[in-house]
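Number of protein chains: 2
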Amino acid sequence: MARAATTLDPFNAIAEPKRRLVLGALAAGGGELTVNALTNTLGWPQPQVSKHLAVLRQVNLVSVTRRGRERMYRVNGEPLRSIHYWTKAFEQFWEHQLGRIKDRAEAMANHVQSPSKHPKETTQ
Amino acid sequence: MARAATTLDPFNAIAEPKRRLVLGALAAGGGELTVNALTNTLGWPQPQVSKHLAVLRQVNLVSVTRRGRERMYRVNGEPLRSIHYWTKAFEQFWEHQLGRIKDRAEAMANHVQSPSKHPKETTQ
DNA sequence: TTGACATATGCCGATATGGGTATATATTGT
DNA sequence: ACAATATATACCCATATCGGCATATGTCAA
Numbered sequence: 001m002a003r004a005a006t007t008l009d010p011f012n013a014i015a016e017p018k019r020r021l022v023l024g025a026l027a028a029g030g031g032e033l034t035v036n037a038l039t040n041t042l043g044w045p046q047p048q049v050s051k052h053l054a055v056l057r058q059v060n061l062v063s064v065t066r067r068g069r070e071r072m073y074r075v076n077g078e079p080l081r082s083i084h085y086w087t088k089a090f091e092q093f094w095e096h097q098l099g100r101i102k103d104r105a106e107a108m109a110n111h112v113q114s115p116s117k118h119p120k121e122t123t124q
Numbered sequence: 001m002a003r004a005a006t007t008l009d010p011f012n013a014i015a016e017p018k019r020r021l022v023l024g025a026l027a028a029g030g031g032e033l034t035v036n037a038l039t040n041t042l043g044w045p046q047p048q049v050s051k052h053l054a055v056l057r058q059v060n061l062v063s064v065t066r067r068g069r070e071r072m073y074r075v076n077g078e079p080l081r082s083i084h085y086w087t088k089a090f091e092q093f094w095e096h097q098l099g100r101i102k103d104r105a106e107a108m109a110n111h112v113q114s115p116s117k118h119p120k121e122t123t124q
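One line per chain: the protein sequences are U and P, in this order.
Note that my numbering numbers the first sequence so that position 10 is 10, with each residue one more than the last.
Note that my numbering numbers the second sequence so that position 53 is 53, with each residue one more than the last.
Any given hint could turn out to be false.
[Stated by the list, open to error] Result set (PhoX-like, lysine-lysine): computed pairs, CA atoms no more than 20 Å apart in a straight line: (1) Lys-51(U) with Lys-18(U); (2) Lys-88(P) with Lys-88(U); (3) Lys-51(P) with Lys-88(U); (4) Lys-18(U) with Lys-18(P); (5) Lys-18(P) with Lys-51(P).
Hint data in this document are derived by calculation from the structure and do not stem from the laboratory.
Work out the full structure, taking the sequences as your base and the hints as a guide.
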């Protein structure tokens, strides 16, 4: 088995730097842009843009609306919200890097699953 | 070229579901755990655990300390903070999008310019 | 020293990925 | 009907990835 399909979840979708740029361009463009506009803004070959958009579409990070022969792509923030929350769960690990990690982790333990208790020292 | 190396940035590192589980387990285990503890908690073959830890190590998502023949792995939140901020930039795109995506997209299309009568293909 | 334990690493195979190029599929304009 | 425009897809290739298994490396214990 290789890496899980990119199309399965938003984490994977935004793992690709160019896909993040696409989302950024869309956001900067007022939230919605045409493939053509994106292609010009990003300066990439059109098929490349379309392909990345296809991936973003599959994980629901963007939605499309046809307008004549153009397609309007819009950012859909929902999936990013879940990622935002996932990372937030680790907030304690960047706020007090050196202190009280254990105490706060206890609270987290109640949220996730039972950790294997092996009370060791807080290493040097 | 295939996807950019997983070791290059945290976005890629956490794209792998199992790696997220590793981080979760570490967090639940008080912020730091032994490879052995992780292996038991996760129930995966040890080499697999070690390899995922190696990736997380390379993007600085975890740090290690040797303790005898064991190695204590610790969550390092910093890289997750940047991801947290990146997603936050899209906050505006999930705050006002509580309704059906399709409906909203069409309403938007009507708002902006000439509406399309052929919503054959929307979000895929 | 020998052996058990803890962890990392190397190699292999199957597969998904991203980029490039060409082309198919609309849709609009003349 | 035909050309032009907008976008999506198919195909190919080079490569990185994950998982499994065997094994190397390092450390403690008797």
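Inset, instruction - List in ascending order the numbers of the hints, as given earlier, that are violated by the structure. - result: 3 and 4
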